[in-house]
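Participant: Sequence:
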Amino acid sequence: MRNLIRRTAHRLSLVLAPGAGRHRAGARQPHPLPSAPAQHSPLPAHRSPHGLDHPLDGTESRLVRPYLAAHEQECARQRRRRVALVLAADFGIDLDRHLVGMGEAAA
Numbered sequence: 001m002r003n004l005i006r007r008t009a010h011r012l013s014l015v016l017a018p019g020a021g022r023h024r025a026g027a028r029q030p031h032p033l034p035s036a037p038a039q040h041s042p043l044p045a046h047r048s049p050h051g052l053d054h055p056l057d058g059t060e061s062r063l064v065r066p067y068l069a070a071h072e073q074e075c076a077r078q079r080r081r082r083v084a085l086v087l088a089a090d091f092g093i094d095l096d097r098h099l100v101g102m103g104e105a106a107a
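Residue numbers for the sequence shown follow UniProt numbering, so the first one is 1 and each next one is one higher.
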């Protein structure tokens, strides 16, 4: 029993593999050709924002990072407080002690 695996593989290939040359199993059906070429719709024009003549305006977008809006609001609040303190100082009102609730310091 020499080359048992080789002989078994050869016999299986004779049974399972398609024939070669003139002794093939059957003639293949010809592939039908399409009667008319398919009509392809044209691609839309390329509209990249990088090729625009005018730059995009970021203020027109409603998308804003929340921490940026909070920072801007805090800056505006501080600016209003500073203006109020300056105006109060012009009239001689000590707003800091009034707002904090401190009384007169003992001398």
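If you're looking for bench data, these hints aren't it; they were derived computationally from the structure. Check the hints yourself; a few may be wrong.
Cβ pair distances, simulated, as ranges [said to hold, decoys possible]:
(1) Gln29 to His50: 31 to 37 Å
(2) Ala36 to His10: 47 to 53 Å
(3) Arg82 to Gly58: 24 to 30 Å
(4) Phe91 to Arg47: 56 to 62 Å
(5) Arg79 to Pro55: 49 to 55 Å
(6) Gln29 to Leu63: 57 to 63 Å
Glycine residues also receive a C-beta, built at the ideal position from the N, C-alpha and C atoms.
Participant: For each hint, tell me whether it holds in the structure or not.
Facilitator: Going through the hints against the structure:
{"no.": "1", "hint": "Gln29 to His50: 31 to 37 Å", "result": "52 Å, violated"}
{"no.": "2", "hint": "Ala36 to His10: 47 to 53 Å", "result": "50 Å, holds"}
{"no.": "3", "hint": "Arg82 to Gly58: 24 to 30 Å", "result": "28 Å, holds"}
{"no.": "4", "hint": "Phe91 to Arg47: 56 to 62 Å", "result": "59 Å, holds"}
{"no.": "5", "hint": "Arg79 to Pro55: 49 to 55 Å", "result": "29 Å, violated"}
{"no.": "6", "hint": "Gln29 to Leu63: 57 to 63 Å", "result": "58 Å, holds"}
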